[in-house]
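Trainee: Sequence:
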Amino acid sequence: MQNKLSSERVTLRPASIQDKRNLYNWLAHSNLTAEMLGPPHFPDAPAPTWEEFDQDYLDYYFDGSQPLSGRCFIILHNQEEIGQINYNEIDTQSNSTEIDIWLSDRKFTGKGLGTEAIILLCDYLHKELKCKTIIIAPSKRNSNAIKAYKKAGFVETDWLPEDFTPDYHDAVVMVKIMSR
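Residue 40 in this note's numbering is what sits at position 24 of the sequence shown, and the numbering runs on without skipping anything.
Since the hints were derived computationally from the structure, they do not count as laboratory data. It is possible that part of the hints are untrue.
As the list claims (entries may be wrong) - Dumping the calculated BS3-like pairs for lysine-lysine here, alpha-carbon to alpha-carbon at most 25 Å:
| id | residue 1 | residue 2 |
| --- | --- | --- |
| 1 | 20 | 127 |
| 2 | 167 | 156 |
| 3 | 123 | 143 |
| 4 | 20 | 156 |
Let the hints inform the model, and build the full structure from the sequences given.
Mentor: Set out below in structure tokens:
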């Protein structure tokens with residue numbers, strides 16, 4: 017998939033390998049990092065080093081060579097890069113996957129742009145890759161993220177996919193069941 021996905025206010029552009037360092041910096045070194053990772057609120061979930069990020073987000077996330085293994089997208093608003101959203105390996109037995117999202121700067125939060133990007137990616141995953149169940153698992157401490165995911169149609173669940181290890185000890189596992 018090399019085409020952009022667009023909604024009213026956001027566009028998802030497939031990320032390229034040249035985007036990888038920016039995605040890392042947005043996650044580990046932005047003014048939003050403390051709301052997701054590391055001290056003071058997340059001492060149990062430190063921000064990854066570049067090497068850890070590089071090993072977690074392998075090249076296929078950026079070159080599209082293994083679409084069932086995962087893919088990163090740059091979130092654009094008014095042609096400005098405002099964050100990243102990705103899906104991980106698609107379980108073809110259960111037609112499910114986990115997604116993750118982070119924005120590049122606090123100034124892009126609270127506007128519904130992340131929610132819109134999530135809805136756009138979920139629709140793509142359902143229509144193009146036949147995903148029926150989409151999972152996201154924020155920390156209970158990230159109440160703004162939980163609110164955004166609920167607006168995107170996710171609900172809390174006790175169900176855990178096989179081989180699923182949450183990033184946080186207080187993860188709130190949320191699912192969106194895609195119909196039709």
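Trainee: I'd like to know which numbered hints this structure contradicts. Please list them from smallest to largest.
Mentor: The structure breaks hints 3 and 4; every other hint is satisfied.
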